[in-house]
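Participant: These are the residues of each chain, in order.
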Amino acid sequence: MSVSVSLQVNGKAVHADVDARTLLVEFLRRDLALTGVHVGCDTAQCGACTVLVDGRAVKACNVLLAQVQNASVTTIEGIAAADGTLHPMQAAFKECHGLQCGFCTTGMVMSALDLVARHPRADEDTIRAELEGNLCRCTGYHNIVTAVKRGAAAMAG
Amino acid sequence: MGASDAAVQSPLGQSILRKEDGRFLTGTGQFTDDVNAPRQTHAYFLRSPHAHANLRGIETARARAAPGVVAIYTAADLTNVNGLPCGWLITGTDGKPMNEPPHPVLAQGKVRYVGDPVALVVAETPHQAKDAAELIEVDYEPLPAVVNVRDALAPGAPALHEQAPGNRCYTWALGDRAAVDAAFAQAAHITRLDIVNNRLVPNAIEPRAALASYNRADDAYTLYVSNQNPHVERLLMTAFVLGLPEHKVRVIAPDVGGGFGSKIYLYPEETAMVWASKRAGRPIKWVADRSEAFLSDAHGRDHVTHAELALDAGGKFLALKVETTANMGAYLSTFASCIPTILYATLLAGQYTTPAIWCEVTAVFTNTAPVDAYRGAGRPEATYVVERIVHQAAVETGVAQDDLRRRNFIRTFPYQTPVALNYDIGDYDATLDGAMRMADVAGFAARQAQSRTRGKLRGIGYASYIEACGLAPSNVAGALGARAGLFEAGQVRVHPTGSVTVFTGSHSHGQGHETTFAQIVAARLGMPIENVDVVHGDTGRIPFGMGTYGSRSLSVGGTAIVKALDKIVAKGRKIAAHLLEAAEADIEFRDGKFSVAGTDRSKTFGEIALTAYVPHNYPLDKLEPGLDETAFYDPTNFTYPAGTHICEVEVDPDTGVVDVLAFTACDDFGTIVNPMIVEGQVHGGLAQGIGQALMEHCVYDRQTGQLLTGSLMDYALPRAHHLPAFKVGTQVTPCTHNPLGAKGCGEAGAIGAPAALMNAVMDALAPAGVRHLDMPASPHRVWQALRGAAA
Numbered sequence: 226m227s228v229s230v231s232l233q234v235n236g237k238a239v240h241a242d243v244d245a246r247t248l249l250v251e252f253l254r255r256d257l258a259l260t261g262v263h264v265g266c267d268t269a270q271c272g273a274c275t276v277l278v279d280g281r282a283v284k285a286c287n288v289l290l291a292q293v294q295n296a297s298v299t300t301i302e303g304i305a306a307a308d309g310t311l312h313p314m315q316a317a318f319k320e321c322h323g324l325q326c327g328f329c330t331t332g333m334v335m336s337a338l339d340l341v342a343r344h345p346r347a348d349e350d351t352i353r354a355e356l357e358g359n360l361c362r363c364t365g366y367h368n369i370v371t372a373v374k375r376g377a378a379a380m381a382g
Numbered sequence: 002m003g004a005s006d007a008a009v010q011s012p013l014g015q016s017i018l019r020k021e022d023g024r025f026l027t028g029t030g031q032f033t034d035d036v037n038a039p040r041q042t043h044a045y046f047l048r049s050p051h052a053h054a055n056l057r058g059i060e061t062a063r064a065r066a067a068p069g070v071v072a073i074y075t076a077a078d079l080t081n082v083n084g085l086p087c088g089w090l091i092t093g094t095d096g097k098p099m100n101e102p103p104h105p106v107l108a109q110g111k112v113r114y115v116g117d118p119v120a121l122v123v124a125e126t127p128h129q130a131k132d133a134a135e136l137i138e139v140d141y142e143p144l145p146a147v148v149n150v151r152d153a154l155a156p157g158a159p160a161l162h163e164q165a166p167g168n169r170c171y172t173w174a175l176g177d178r179a180a181v182d183a184a185f186a187q188a189a190h191i192t193r194l195d196i197v198n199n200r201l202v203p204n205a206i207e208p209r210a211a212l213a214s215y216n217r218a219d220d221a222y223t224l225y226v227s228n229q230n231p232h233v234e235r236l237l238m239t240a241f242v243l244g245l246p247e248h249k250v251r252v253i254a255p256d257v258g259g260g261f262g263s264k265i266y267l268y269p270e271e272t273a274m275v276w277a278s279k280r281a282g283r284p285i286k287w288v289a290d291r292s293e294a295f296l297s298d299a300h301g302r303d304h305v306t307h308a309e310l311a312l313d314a315g316g317k318f319l320a321l322k323v324e325t326t327a328n329m330g331a332y333l334s335t336f337a338s339c340i341p342t343i344l345y346a347t348l349l350a351g352q353y354t355t356p357a358i359w360c361e362v363t364a365v366f367t368n369t370a371p372v373d374a375y376r377g378a379g380r381p382e383a384t385y386v387v388e389r390i391v392h393q394a395a396v397e398t399g400v401a402q403d404d405l406r407r408r409n410f411i412r413t414f415p416y417q418t419p420v421a422l423n424y425d426i427g428d429y430d431a432t433l434d435g436a437m438r439m440a441d442v443a444g445f446a447a448r449q450a451q452s453r454t455r456g457k458l459r460g461i462g463y464a465s466y467i468e469a470c471g472l473a474p475s476n477v478a479g480a481l482g483a484r485a486g487l488f489e490a491g492q493v494r495v496h497p498t499g500s501v502t503v504f505t506g507s508h509s510h511g512q513g514h515e516t517t518f519a520q521i522v523a524a525r526l527g528m529p530i531e532n533v534d535v536v537h538g539d540t541g542r543i544p545f546g547m548g549t550y551g552s553r554s555l556s557v558g559g560t561a562i563v564k565a566l567d568k569i570v571a572k573g574r575k576i577a578a579h580l581l582e583a584a585e586a587d588i589e590f591r592d593g594k595f596s597v598a599g600t601d602r603s604k605t606f607g608e609i610a611l612t613a614y615v616p617h618n619y620p621l622d623k624l625e626p627g628l629d630e631t632a633f634y635d636p637t638n639f640t641y642p643a644g645t646h647i648c649e650v651e652v653d654p655d656t657g658v659v660d661v662l663a664f665t666a667c668d669d670f671g672t673i674v675n676p677m678i679v680e681g682q683v684h685g686g687l688a689q690g691i692g693q694a695l696m697e698h699c700v701y702d703r704q705t706g707q708l709l710t711g712s713l714m715d716y717a718l719p720r721a722h723h724l725p726a727f728k729v730g731t732q733v734t735p736c737t738h739n740p741l742g743a744k745g746c747g748e749a750g751a752i753g754a755p756a757a758l759m760n761a762v763m764d765a766l767a768p769a770g771v772r773h774l775d776m777p778a779s780p781h782r783v784w785q786a787l788r789g790a791a792a
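Read top to bottom, the protein sequences are chains A and B.
Each residue of the first sequence is one higher than the one before, counting from 226 in the working numbering.
Each residue of the second sequence is one higher than the one before, counting from 2 in the working numbering.
You may find that some hints are simply not true.
[What the hints assert, rightly or not] Just a sample of chain B residues kept apart from chain A, beta carbon distances all over 12 Å, derived:
#1 Phe414
#2 Leu611
#3 His773
[Unchecked claim] With a Cα cut of at most 27 Å, we get these calculated DSSO-like pairs of lysine-lysine:
#4 B:Lys572 with B:Lys623
#5 B:Lys728 with A:Lys319
#6 A:Lys374 with B:Lys623
#7 A:Lys374 with B:Lys572
Please keep in mind that the hints were generated in silico from the structure rather than gathered at the bench.
Note that the Cβ used here is the ideal one computed from N, Cα and C, for glycine as well.
Let the sequences and hints guide you as you build the complete structure.
Facilitator: In structure tokens, the structure reads:
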């Protein structure tokens with residue numbers, strides 16, 4: 226069975242007729258070539274596929290494309306400025322060495338954006354608790370926590 | 002690196018932000034699953050649901066007729082395909098080579114672990130491949146299974162391989178048993194310890210993946226694979242398994258999302274896919290899902306050990322005796338056999354002057370996934386034995402933890418251990434002092450008292466570890482059974498306009514080589530690091546290299562680049578001497594300029610580069626044009642990073658929850674090129690070491706051999722809130738035998754952390770009467786230990 230879906234992805238209107246079982250992550254990676262959205266597990270545990278759906282962090286491996294009808298989806302590819310200037314959260318991850326292999330990073334940054342939207346002045350404990358849905362095997366989280374704090378401060382201006 | 006060649010504003014030692022971050026932060030990194038080939042198909046591997054069974058038949062007719070199926074292959078199709086080789090031959094105490102049973106690419110006659118690949122299904126889509134696999138009828142005759150080493154060695158245990166009687170791979174020993182026995186006879190005190198080093202699953206966040214293509218036009222294959230050493234992968238696959246000409250296979254390991262050892266090895270999946278890509282006439286892609294990673298990635302650790310330490314009345318260690326049984330899993334993975342031997346027993350001297358050491362290791366086959374190197378690889382296991390028994394000895398003899406360690410520290414270098422290694426340099430007092438200062442050990446008693454008022458048990462634990470890194474002198478490794486060389490290659494290609502591309506045999510899967518190696522080149526040639534690009538991970542572009550494992554990239558791979566730079570500068574001097582009409586001996590190179598000593602006459606590096614490629618005024622009779630040099634570097638010794646880690650925990654006796662309050666690491670990695678990257682490596686290693694001690698544990702069901710911890714919902718990986726902010730510091734004694742003075746930093750965290758954490762837990766639980774605990778110190782185990790002690 227196929228379904229017809231309309232949504233916004235990184236600010237652009239997208240329309241697609243897809244198999245009803247198509248996951249959001251499959252659509253983003255395969256059909257839109259947004260390969261910054263990564264798949265690290267099959268149980269919605271790792272968070273590498275995190276994107277924003279209407280501003281909320283969502284694991285794209287756990288959502289059918291049909292569920293985001295008319296929604297606005299933002300991926301890691303959609304947050305830098307048009308001239309390529311990194312989003313303050315992306316810049317903070319670089320400045321704080323908050324990434325190593327880079328695989329979890331894209332989901333981690335998207336989760337951080339949601340976190341900061343809800344907790345603009347999050348302390349370290351809050352950041353650690355809020356990153357519960359994102360696994361990183363490289364950094365030990367130390368520099369990610371620092372990066373989120375710095376990114377939040379930069380976003381607050 | 003000659004002091005006269007150093008740039009004024011040297012980027013060495015600077016925390017320069019990483020060049021590679023841009024692509025990872027914008028989603029433009031290229032991991033294997035991001036690569037697609039025209040007309041690509043998708044693979045699914047049908048895996049054994051049984052831990053041990055005879056394969057009586059495989060019926061694929063229905064599956065072949067399923068929608069989208071391109072081909073289905075089983076062992077019967079893989080004619081002229083050999084088994085997967087093991088890269089290290091261990092010779093047993095009986096003088097015989099280890100038992101080395103065949104490791105078929107697809108199961109032949111028998112399956113030996115849950116997840117053993119039985120058939121390869123190739124279809125138009127991943128879902129069609131999976132659906133078709135469900136239609137394959139495999140006639141299994143289940144057999145009894147063994148998953149732990151004790152059961153496998155028991156008389157009458159089910160036998161996995163005809164070639165391995167009693168499920169033994171080898172029994173191997175190192176050291177002087179007679180000297181050890183004599184020392185024990187003289188001992189004032191003997192500490193005994195039985196411990197288990199828990200089995201782990203590496204869990205790089207990017208699962209293994211591969212894309213194999215065959216091109217009829219040039220009769221050549223291309224394999225994209227998430228791998229740490231593409232040349233080793235290619236050599237093993239072509240020369241030992243598939244019998245293909247090596248130059249007809251290009252292996253590309255693009256961006257790789259973490260490895261930690263698990264992506265060193267030649268696995269069945271990509272081997273079968275390369276073979277099948279020609280047969281099927283279509284490119285084939287496979288991406289493991291996480292459940293598949295748990296079943297089929299090489300696991301780590303899994304030792305059972307009895308150790309005894311003899312001390313004299315003054316607390317000096319007289320001798321150490323260690324007996325270890327190591328689980329190899331069902332088949333020998335690429336480097337499995339050397340992990341619990343060459344990389345384990347040789348480290349049992351630790352930082353101490355223990356004059357006599359004897360270690361015997363029995364390696365055993367079980368019905369579990371193959372076990373191989375995982376971050377630290379043998380050295381965490383050795384440190385865990387040494388540092389837990391030292392902790393216990395201090396408790397038993399009433400000597401303070403730091404004091405007992407200091408009474409036994411090696412202070413004279415070079416130091417020949419009784420277990421084969423020769424430590425070139427170190428300062429163990431400096432790292433212990435540093436760690437104690439950073440951890441505020443002086444204030445611990447007050448913090449402990451404060452915890453007590455809240456009903457909590459607080460403990461502090463030490464681990465003074467050593468590791469042997471910079472693998473390795475090839476002749477030494479060869480004498481110990483290595484079937485490969487362990488050098489590294491580096492090529493420095495200067496372009497006519499003076500910018501540089503470095504081609505390295507090392508592979509970065511998070512370690513930041515694109516930045517660190519660029520710093521080395523920029524410092525030497527006196528140019529901005531933006532002018533230096535680093536290429537790795539592609540056998541079609543880089544010289545033959547051995548890849549990244551064993552914390553070897555900077556000390557071995559970096560040194561190869563330094564050696565290539567030496568050649569570049571030497572040739573540049575000759576060109577400059579010609580242009581400046583001076584004697585070569587009078588040419589100095591500094592800050593990117595070749596100058597005639599004592600004059601203001603000079604040529605920039607860029608001018609020399611251009612001259613090399615536009616040789617109009619050039620000594621063509623004596624010198625080839627071009628500026629492109631390659632060096633192979635084989636180290637003369639291992640490097641010996643060392644340090645002390647101190648962990649402070651608080652245990653809630655009501656729940657058994659262990660809270661890691663503070664973790665301090667003071668390490669000596671030799672000279673550091675990029676402190677920011679080094680700290681990041683330490684953080685990551687600590688997280689994995691803490692994970693092992695606190696929560697990670699791979700469990701197979703003892704009766705059925707089923708993997709009980711087969712997903713991230715069952716196997717506990719540390720999350721941000723499980724870990725503290727780390728306190729990390731360094732002391733420096735430069736390595737004496739490589740020009741960078743570098744020792745390696747990638748594994749230290751995972752090596753020191755488990756023992757430090759468990760010693761802290763033991764310290765916390767001691768007042769409650771708990772005498773023993775194995776990893777992981779999960780709430781359930783801690784709670785049970787407290788109840789057991791109270792009973």
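Participant: With reference to the structure, classify each hint as holding or not holding.
Facilitator: Going down the list of hints, with the structure as the test:
1. For B:Phe414, the shortest C-beta to C-beta distance to chain A comes to about 31 Å, beyond the 12 Å cut-off, and the non-interface label holds.
2. The non-interface label for B:Leu611 is consistent with chain A: the shortest C-beta to C-beta separation is roughly 31 Å, beyond 12 Å.
3. Distance check for B:His773 against chain A: the nearest CB is about 28 Å away, which clears 12 Å, and the non-interface claim stands.
4. For a cut-off of 27 Å, the pair hint linking B:Lys572 to B:Lys623 stands: about 11 Å separates their Cα positions.
5. Taken as a hint, the B:Lys728 and A:Lys319 pair is honoured in the structure, with Cα atoms around 21 Å apart against an allowance of 27 Å.
6. Among the hinted pairs, A:Lys374 with B:Lys623 is inconsistent with the structure: their alpha-carbon atoms are about 60 Å apart, more than 27 Å.
7. Between A:Lys374 and B:Lys572, the direct Cα distance comes to roughly 49 Å. Violation of the 27 Å bound is thereby established for this hinted pair.
Comparing the model with each earlier hint shows violations of hints 6, 7; every other hint is respected.
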